[in-house]
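In case you want the letters, here they are:
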Amino acid sequence: MVQIIFVSHDGTARTLDVAAGASLMETAKAHDVPGIEAVCGGNCYCGTCRVRVSAEWRDRLAPPEEFEVELLNATGESHADDRLSCQIPLTEALDGLVVHTPEQQY
Amino acid sequence: MTDRAATAQACPAHQGRDDRKSGHLADANLRPQPGARVFGSFAAGRDILRSNKMRQGGAASDATDLSNPGDISFFFLDGDLHRKRRAAVAGLFAPKTIVTRHKAVMDRTMDVIVADLRRRGSAPLDELSWHMAVDVAAEIIGLTDSDSNANLAERVRSVLDSSATRKPGWLGNLVFNAKMLIRAGRFYKHDMVPAIAARRVTPKDDVISYMVQENYSKKGMIMECLSYGGAGMMTTREFIVMCAWHLFEKTELRERFLNGPEEDQFAILEEILRLEPVASLLHRRVAEDAEIGQAGAVKSGELLAISIRAANADETITGACPYELDPDRAKRMKVVGPYMSFGDGPHRCPGAQVALHETRVFLDRMFRLPGIRLVSEPKVSWNAFIQGYELRGAVITCDPA
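As given, the protein sequences belong to chains A and C, one line each in that order. Numbers 1 to 106, taken from the numbering used here, label the letters of the first sequence in order. Numbers 107 to 507, taken from the numbering used here, label the letters of the second sequence in order.
Heads up, some of the hints might be wrong.
To be verified - Label pairs and their in silico Cβ distance ranges: (1) C:306 with A:63: 33 to 39 Å; (2) A:20 with C:275: 52 to 58 Å; (3) A:63 with C:474: 43 to 49 Å; (4) A:80 with C:319: 43 to 49 Å; (5) C:306 with A:95: 37 to 43 Å; (6) A:54 with C:299: 47 to 53 Å; (7) A:20 with C:287: 35 to 41 Å; (8) C:501 with A:80: 19 to 25 Å; (9) C:395 with A:54: 41 to 47 Å; (10) C:306 with A:54: 42 to 48 Å; (11) C:470 with A:22: 45 to 51 Å.
Unchecked claim - Negatives, chain C to chain A, calculated, CB over 10 Å: (12) 201; (13) 229; (14) 256; (15) 296; (16) 315; (17) 355; (18) 448; (19) 488; (20) 496.
Hints in this document: simulated from the structure, not taken from any laboratory. Idealized CB from N, CA, C, for every residue including glycine.
Please take these sequences and the hints and turn them into a complete structure.
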């Protein structure tokens, strides 16, 4: 199992214990985590599953590919720790991951 | 017994209600490519479409010469080059860009459409939806220096008609090539040349500016513009009319659309699209022997066809009564609203969100017009080229200004 902590825009933290394998976005949607839209269903085409990864976890994730970077830039509020949650597959190595969700995606 | 009939009998809540308007026509006309293995399960379809063992498939793809990628549309490419070309313009289609930039074009276009409709008193609905689709696609592509958008639309339509009416065989190819040469040349001269010239002086944030910057060939530019433009214009025209038809007919649904928040409006449109996908089939060619998730084993060179209509009615992800129009379905089932209607994987429709937004803007404005009525229902016909429906003959009226 992998423990993920979603912190919403108002500071409310929600801890989920989930099986590895799905993406962070799929996990968020399956558990109705607010602030994640993912209107393209996880194809890295809409940029509406953006999360901000806690700084201590940044280097433990695989770096974003070109397509993800393009979309993050297109959201207009890019930050070094922003990622698209559909591009983060959950593995045991991410046990304890903390991510912050925005109030709205756009 | 057909799948549909079996499903309908099994729907206990509403005695097999089938709200689709294009369902019977699709059942009668849907034609996968010869030799294709057809998949109707949502999970199998998604696994195929997301697999990196797949290449674009179908008649047009098989006839495309891939030896010079610079001369062909992104649509026919796969792998890194495809990702690179899509990534470069991905931001143009992102929801954030739509609401901050393209929404203004949609609103302006709707101002013109509404003023024109109120002056005339009545108009063919597909003419109005075409107007909207053309204006929005032109802005995103960068086809903004033509003599008029009406002429631009006509030239794009004539090029696309060449493909739609293409006949097989050497004579068919000869006629097709001759028509394409003339029509695409006209489109290039009147629409692309002025747009390219303007962007060489002042680059903008659009597809043509990117192509100028990347030194695309003339042929490559034409093919890319026609792919983005053709898809955006043709499919959105039909989708807007289909949604309007449902909403004219269903008073309660129309009231919900007009009184609900945007999120609910989108849920209604997406559910209509689930039932009435504009394109019905997607083909893929297997690049190498592989085991593809729910689709199982596939052989190199094999042609696969994903039935979007069947996938969208797969009860494992729709729940009961898959042919009933239920805007709360996707949220309840935790599935993306349009299901498979925009495809999936690397080739998922880039303009999906644009189409939904412009349809929402169009219908929200139209249904608020005083005296708005559908006086003539559309006739549904089948376009074998895109394996999808076309809706013609719908006429709307409203109170004059």
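(request) If any of the earlier hints don't hold here, list their numbers in rising order. (result) Numbers 4, 5, 7, 8, 11, 12, 18, in rising order.
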